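Q: From first to last, the protein sequence lines stand for chains A and B. To convert a position in the first sequence, counted from 1, into this note's numbering, add 4. To convert a position in the second sequence, counted from 1, into this note's numbering, add 51.
A portion of the hints provided could be inaccurate.
Okay, derived cross-link-like pairs now, DSS-like style, lysine-lysine, Cα gap no bigger than 27 Å in a straight line [unchecked claim]:
id, chain 1, residue 1, chain 2, residue 2
1, B, 67, B, 159
2, A, 284, B, 75
3, B, 253, B, 159
4, A, 284, B, 159
5, B, 75, B, 159
6, B, 67, B, 80
7, B, 80, B, 159
8, B, 75, B, 259
9, B, 200, A, 284
Simulated restraints on C-beta separations [said to hold, decoys possible]:
id, chain 1, residue 1, chain 2, residue 2, range
10, B, 105, A, 129, 49 to 57 Å
11, B, 269, A, 285, 54 to 62 Å
12, B, 280, A, 186, 18 to 26 Å
13, B, 241, A, 324, 34 to 42 Å
14, A, 302, B, 258, 44 to 52 Å
15, B, 244, A, 194, 41 to 49 Å
Calculated directly from the structure, the hints in this document are not laboratory data. Predicted, not measured: the structure shown is a model, and the values here were computed from it. Note that the Cβ used here is the ideal one computed from N, Cα and C, for glycine as well.
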Amino acid sequence: MILCIVEHDNGRLEDQSAEALTMARGMAGAAGVPLHAVIFGPGGDAVAAAIGEYGVSVLHLADSDALASYAPVAWARGVIAVVEAAPAEAVVASGTDRGNEVMATVGALAGLPMVANCIDVQPGDPYRLSRLRWAGSVVEDAELDSDGPRLFSVAPGSVVPAKADSAVTVETQPVPLSLSDADLAVRVLEHMVPEHDGASLVDSRVVVGGGRGVGSAEGFAVLDELAGLLGGAVGVSRAVTSLGWRPHRDQIGQTGVRIAPDLYIACGISGAIQHMVGCKSARRILAINSDADAPIMSKADYAVAGDLHVVLPALVDELRRITA
Amino acid sequence: MRVMVCIKRVPLVGGKVVLSPDGKEVDTKFLGFGISPHEECAVEEAVRLVERNGGSSTVVTLGPQSAVEQLQFAMSLGIDEAILIDSGDEEWGPMSTAAALASAVSEKVAEGAAPDLLLLGNEAPDSGDYQVGIRVATALGWPCVTGVKELDVSDGTAVARREHGSEMEMFSVSLPAVVTVKEGLNLPRYPSLPGRLRAKGKKIDQMKAERMAEGLTTLQLRLPAEDGRETELLGTGVDAVPRLIEVLRETGVLAR
Ligand SMILES: Cc1cc2nc3c(=O)[nH]c(=O)nc-3n(C[C@H](O)[C@H](O)[C@H](O)COP(=O)(O)OP(=O)(O)OC[C@H]3O[C@@H](n4cnc5c(N)ncnc54)[C@H](O)[C@@H]3O)c2cc1C
Ligand SMILES: Nc1ncnc2c1ncn2[C@@H]1O[C@H](COP(=O)(O)O)[C@@H](O)[C@H]1O
Chain A
5 MILCIVEHDN GRLEDQSAEA LTMARGMAGA AGVPLHAVIF GPGGDAVAAA
55 IGEYGVSVLH LADSDALASY APVAWARGVI AVVEAAPAEA VVASGTDRGN
105 EVMATVGALA GLPMVANCID VQPGDPYRLS RLRWAGSVVE DAELDSDGPR
155 LFSVAPGSVV PAKADSAVTV ETQPVPLSLS DADLAVRVLE HMVPEHDGAS
205 LVDSRVVVGG GRGVGSAEGF AVLDELAGLL GGAVGVSRAV TSLGWRPHRD
255 QIGQTGVRIA PDLYIACGIS GAIQHMVGCK SARRILAINS DADAPIMSKA
305 DYAVAGDLHV VLPALVDELR RITA
Chain B
52 MRVMVCIKRV PLVGGKVVLS PDGKEVDTKF LGFGISPHEE CAVEEAVRLV
102 ERNGGSSTVV TLGPQSAVEQ LQFAMSLGID EAILIDSGDE EWGPMSTAAA
152 LASAVSEKVA EGAAPDLLLL GNEAPDSGDY QVGIRVATAL GWPCVTGVKE
202 LDVSDGTAVA RREHGSEMEM FSVSLPAVVT VKEGLNLPRY PSLPGRLRAK
252 GKKIDQMKAE RMAEGLTTLQ LRLPAEDGRE TELLGTGVDA VPRLIEVLRE
302 TGVLAR
């Protein structure tokens, strides 16, 4: 069988788990083996119905009091207990923080390789796979030999979630799991809502981006003004956060947030690949840069050559006139 | 308090990635090298913890001899000592890397200089394996918290917070522990000139380790299909404003 680790939020299937289930079903089909899933914590049984639509025939449910809050080692022990009872040729998780963490822990405990951020996996001997490296700027094609179950995580957004042609009746089985204190030493003790609202940048339809070319923290006033007029948010490059002009939570890119607005207006940003991976899902990109040869000028849909401190005030004036 | 930090020498790619002619690796001929932003924060955190609590900090890397450059960078920021585990010129996988790093920690333990805390990045920027910290922790039998953005260490305990969706989740583990961090944990300082000079004079401990077969064989690297955006030049300077307004309308951002 092929086992998929499924994450849920109080019984609602996480989007990225739907992606992982879709890839895992494709693998199970190619290998001619059944698809199983494992779920942790209370509310898991509510997912059983949803999971049948993805072709899962057996749901392994680990639902003890000890698992009420997330604990990576305990989850990994649960996965190992499942594959010991029902041999799996592969285990698939979504490439979320938790998915990667649990899979890496399974790999570490079992002494098996684990391959992160796969976009395609073909069962066989050996398994063939493609995975993202360099935050998605490079694809690696590789072969995997393993003495035990092959462990994969699925790169978020690389698979279009699709239900099976016909839903399967799901048989639910409890996971035989006895946990030690050490297995629960790392577990979530508390949830907090941060004081700042980090959602606005990720959810905005328009994002005005500022880079080193903005010149100073004060220089952002005109970007804030433009974002205000358009009902959008301001994001920045790493150069800006490193200089302390803006907090890191505003950073777009490989080590910041990933955005997908209708329009991204990048001002004074050169277009390093680590920045572009954070905004490549924008429907349209508009670059304003004083250097007509800056890399971003050929990566954008629209380009304006010029000093942002000249172009943006003129644009803001015109917008005020139109919307007055 | 003793803190150890693991950093990895990686090429710093700028506007675009160029692959070697055989498609097996990234062409680094024209590139500089550095460490990831996550690891810069790990180094900064180690320096701050020792500034606050006393003790000492050690930086360790598995890499080629040229990785001395990255060790000196970390020492220029205030790390006390450095260990280089020689990997030769080959790229090691995450299992071998973790085993080598764990043996460097074990050596410190054997010398009676056991670290209280081991800091790593959440993921390396090049390989993006998301696992070395967890494997090192498992080998040592220490707890591991990953992806940490806020860290408080006191009285033999590390309280760590990380993002989960729109919330923060909190973990508390007893030391010794492994913590992997993400950029945003702190704002790293820049190296000072005296710091750089001091770092150049410091000795670097050399170690050897064994590379193992890991099951994963790279066949080739390739660049993903281009986004295929065609660039329209809207104009130069303020002359572009009329067309800019049109674009705001065309993209649905401006209703009127
Ligand atoms: C592992 C790793 C992860 C990284 N993660 C991220 C990340 O998450 N996000 C990120 O952004 N970066 C990231 N970086 C850094 C990235 O490589 C670049 O260094 C960074 O994006 C550069 O920021 P910038 O474009 O603002 O600055 P620069 O590259 O210095 O570009 C400034 C631009 O402004 C233009 N300019 C100057 N003055 C003006 C003016 N008056 N008007 C208009 N234009 C002007 C210049 O022509 C230039 O193109 C990462 C790097 C590494 C190695
Ligand atoms: N060769 C290496 N030398 C030292 N530390 C490393 C090395 N490779 C990975 N690491 C550490 O492990 C983290 C996660 O790497 P990875 O699991 O490969 O994505 C990195 O951010 C580093 O802190």
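Q: All the hints need checking, so say for each whether the structure fits it.
A: Going through the hints against the structure:
1. 67/B - 159/B: Answer violated: residue 67/B to residue 159/B is near 41 Å, above 27 Å.
2. 284/A - 75/B: holds (25 Å)
3. 253/B - 159/B: The hint holds at about 18 Å.
4. 284/A - 159/B: violated (44 Å)
5. 75/B - 159/B: Violated, at roughly 36 Å.
6. 67/B - 80/B: holds (13 Å)
7. 80/B - 159/B: violated (36 Å)
8. 75/B - 259/B: holds (26 Å)
9. 200/B - 284/A: Cα-Cα ~25 Å, so holds.
10. 105/B - 129/A: 49 to 57 Å: holds (56 Å)
11. 269/B - 285/A: 54 to 62 Å: violated (27 Å)
12. 280/B - 186/A: 18 to 26 Å: Since the Cβ atoms of residue 280/B and residue 186/A sit about 51 Å apart, the hinted range of 18 to 26 Å is violated.
13. 241/B - 324/A: 34 to 42 Å: Because 39 Å falls inside the window, the suggested range holds.
14. 302/A - 258/B: 44 to 52 Å: Once the Cβ atoms are compared, 45 Å apart, the range 44 to 52 Å for residue 258/B and residue 302/A holds.
15. 244/B - 194/A: 41 to 49 Å: holds (43 Å)
Checked against the numbered hints above, the structure violates hints 1, 4, 5, 7, 11 and 12; every other hint is satisfied.
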